[in-house]
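Trainee: Protein sequences appear in the order of chains A and B.
All letters in the first sequence, in the order written, are residues 4 to 365 by the working numbering.
All letters in the second sequence, in the order written, are residues 7 to 608 by the working numbering.
Don't read these hints as lab results, they were simulated from the structure.
It is possible that some hints are incorrect.
Stated by the list, open to error - Each computed BS3-like pair below joins lysine-lysine, with the alpha-carbon atoms no more than 30 Å apart: (1) B:K596 - A:K279; (2) A:K161 - A:K279; (3) B:K506 - A:K300; (4) B:K596 - B:K48; (5) B:K74 - B:K267; (6) B:K74 - A:K342; (7) A:K193 - A:K68; (8) B:K554 - A:K303; (9) A:K279 - B:K506; (10) B:K506 - A:K293.
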Amino acid sequence: MSGMKYTLFFKEATPEDYVLLGGKGASLASMSAADFPVPMGFSVTTHAYAQFLKEGQLLETILDKVSRIDCSNTDELASNSEEIRELILSKPLPAEVENEIKESYRKLCEKAGIPNTLPVAVRSSATAEDLPDASFAGQQDTYLWVVGEAEVLRSVRKCWASLFTARAINYRKNQDIDETELLMSVVVQKMVNARTAGVSMTMNPINGDRSKIVIDSSWGLGEAVVSGEVTPDNFLVDKIMLQIISANIQEKNIEHVPDMVNKCVVTREIESERAKAPSLSDDEVIEICKISKIIEKHYKCPQDIEWAIDADLPAGENVTLLQSRPETVWSQKTIEKKKAVTGMEGILNTLMNPIGTKKSDS
Amino acid sequence: MSNKAFISPYDHQAPEGAEGWKELYPYYMTFHDNLKENEESKFFFCDSQHWPNVFKPFDAMTVEFAVKCLGQYNTRQWLIPPANGIDFKIHNGYCYMSPVGVDPEKIADRVPQFMERAGHYFQNWDSLIENWHKKVKDVIDEMEAVTFEPLPEVIDMEWVKNGIGLDPTYHMIQNYDKMIDLCYKVWMYHFEFLNLGYAAYLDFFGYCKEAFPGIPDLSVAKMVQGVEVDLFRPDEELQKLSRLAVKLNLQDVIQNNEIEKALRVMGGSAEGKEWIAAWEEAKYPWFNFTIGNGFYSTDKYWIDHLEIPFGYIQSYVERILKGETIERPTEKIAAERERITGEYRDSLPDEDAQNAFDQKLGLARVVFPYVENHNFYIEHWSMCVFWRKMRELSALFVGQGFFEEVDDMFYFRREEIQQLLFDYGRGWAMGVSAIGPDYLPTEIARRKKIIDALASAQPEPAFNNPPEVVTEPFTIMLWGITTESVQGWLSSEDTGNNLKGMAASPGKVEGRARVISSSDDLGQLVEGEILVTRVTAPSWAPVFGKIKATVTDIGGMMSHAAIVCREYDLPAVTGTGNASTKIKTGDMIKVDGGAGTVEILA
């Protein structure tokens, strides 16, 4: 089927294409278009997945299996999930899909100056994943330090298959998400050699205060922070003044780092001195905040941003964006605030209430 | 809450050689043995922000008038529901304050009164302020009109022929009383708007602290602070004169000469005359500006010490020639103020919150110019005239052999001066010598010794038991005294090389400390040093171009030091309690104005 785009580089995707890219992919494409420092890469579009289902005549089989699953029966859920995923991993790819993915990976390798062996991250980017009311980030897969065409192809399939983990199926059933509409895009992106990585949120998730940015950060790849394996350093920053209000430096005992020889990610212990040291300098915190602020302005709503400090890049240019999503918890909530008293009543109120208790800065 | 308490004033001894110091001050300003139990039940903090130095007896009048007038508004005019005035004492030469609360049962009754009284001022703020400026100007004009002349050989013939029936001692004594009255009056005016201004500021401050938990105090200050501020005018006038000097190619004359010679030389050229005309123009009223804080007879005012503004002009000219920008970046400050305000406002969750924000900020911005500017009109301009007239009177005494030097008069309490005047007039009337010239020198020497002895010791940060929580709004606002800072003083001996204060102006720097104990020592500051001092005065502004940061012992977010540092983009930590004694000149220190910390490195 010619004219159908199975892959799209972030830079070449236009807003009309975003529907094909899933949440993550669309976000990366729009950030690239806005010249945000995202690592280069491409999306395997939903057309590719749809074509795969079509050629393999998989859709009916899958829908049928899923519809018959009784989620209260965990064994049944697990075995059906396993069968569906096996099906996705074993069916041959349509030739044009396979060729286009290979071609795009080759191009990416060339651009990065590492022919044929550029380490990439392969991430799922489901169309439903980033709906503001369906925050199930982390329920699909991410494969890091993937090297070579064959591995890239395998990881793309694994991402597709991850739509049908027991957890994901169960979640969709509970949320009444229509299975027939379900599509998936996959992002293939240059790996960042992360010295430090983490998440920034352009509001304070503790109280919904939008004048703050909160950063969680730890050594190595971001997985340590996202998965909750370490207690990350935590920074509270005033968004308007770009001033660090508090910095909670934790002891971060492990980090995820690439094992280049075995082409995988390994977990290693961090020596005590570095474990206790801040994983970001103050300047880096401020730089991340500046970028986060621009991203929030671009999307016009509070964002949840994954970033990394690339060890290969010079200071000042080393903040790299991995993805940005709309913040989903507070934006759904009406913040309960007692109505502020103004005028003379307000002044009276201020004089009558011990302001000393409001005084603390940290 | 620790059980630690500050020393009782009854256990805090005067330094050796200061015996008899209490007689130098009014009886109601010292601690009395028969009131020990009552006095020890109050918490007193040292106000070294306004009165960093030991008082000469006459100068103690400034704290009497100022703090008494502060009290009259809280207690008797506005009926601020939870807060009366501030009790004050002089102990071992330094001044200590104790906020007076209102009996909790009476607070509610004061509310309707407060609403009506203060409400009237808030509603008519602009017209009342306009009237205030007239009243203050009248006081200044009245003070300017007062003169002190030596008594004539004989009573004027005109007085005889007109049947006046009085002699010049009558007006001399009256003029002195009038000066004291006018000074008292202007201190009433000083507080007429101040506490209400702070209350409106605090209301917005409190709102921001709730709406944006953790918001830096500085943000609130930046949203409220004015751009065109009268208090900065004197410095701006010097900057304009410096620019003009360079434009007229007068830099060599100005840089290579002392003021008298420079003015003489400039008088000989058209360009020079143009500059002198501008210099004369700038003097009134802007050179009625002190490098002190207006509270001491020793404060030097530019108008009386033209070498001071001229010296600042010399250093401005030097910086202009180096290509530096000397002016406050007012456009940048204004744009930044709008950006900050807009972004905080946009961070609010809904329209209701934004309306409250607009309303409170609006009011704070209406009242705040007074908070910033009153200082020029009272402490600088009015007090400049007051002290000048008092020195004129003292010079008259010097001429009559009462004193050796002009400063001597200030070793007497204000009511003692009436005795001296009477002594002078009485001798003149009887045709005999006054007693003063014979009696006073020994007494002055005795008093000088006492004052010097008192000044050899530092004040205590506070006396007695600290309150559980500091809730008095003005104490927090004006003095930066919070529950935490008081606890900080108590534990200050344990903090080693780390000091904590108020995050008054952000930025981090490291540098050599220069500890300055009086404005006369400002000349010691070397480019790039960090100024460490008990308290700064806004009139020190011209040295702020030289320094990297400021650290003070006492002062809140809205202390004059904090305001000036923010204007000049310098990191500042205020209210550290004891930085000026812990840090020594030459120490390497690290100042974090955003966190409010100072570290002594070596």
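Trainee: Does each hint fit the structure? Answer for all of them.
Mentor: Taking the hints in turn, this is what the structure says about them:
| no. | hint | in the structure |
| --- | --- | --- |
| 1 | B:K596 - A:K279 | holds (22 Å) |
| 2 | A:K161 - A:K279 | violated (37 Å) |
| 3 | B:K506 - A:K300 | violated (36 Å) |
| 4 | B:K596 - B:K48 | violated (36 Å) |
| 5 | B:K74 - B:K267 | violated (46 Å) |
| 6 | B:K74 - A:K342 | violated (38 Å) |
| 7 | A:K193 - A:K68 | violated (36 Å) |
| 8 | B:K554 - A:K303 | violated (39 Å) |
| 9 | A:K279 - B:K506 | holds (24 Å) |
| 10 | B:K506 - A:K293 | holds (28 Å) |
Against the hints set out earlier in the document, violations occur for numbers 2, 3, 4, 5, 6, 7, 8.
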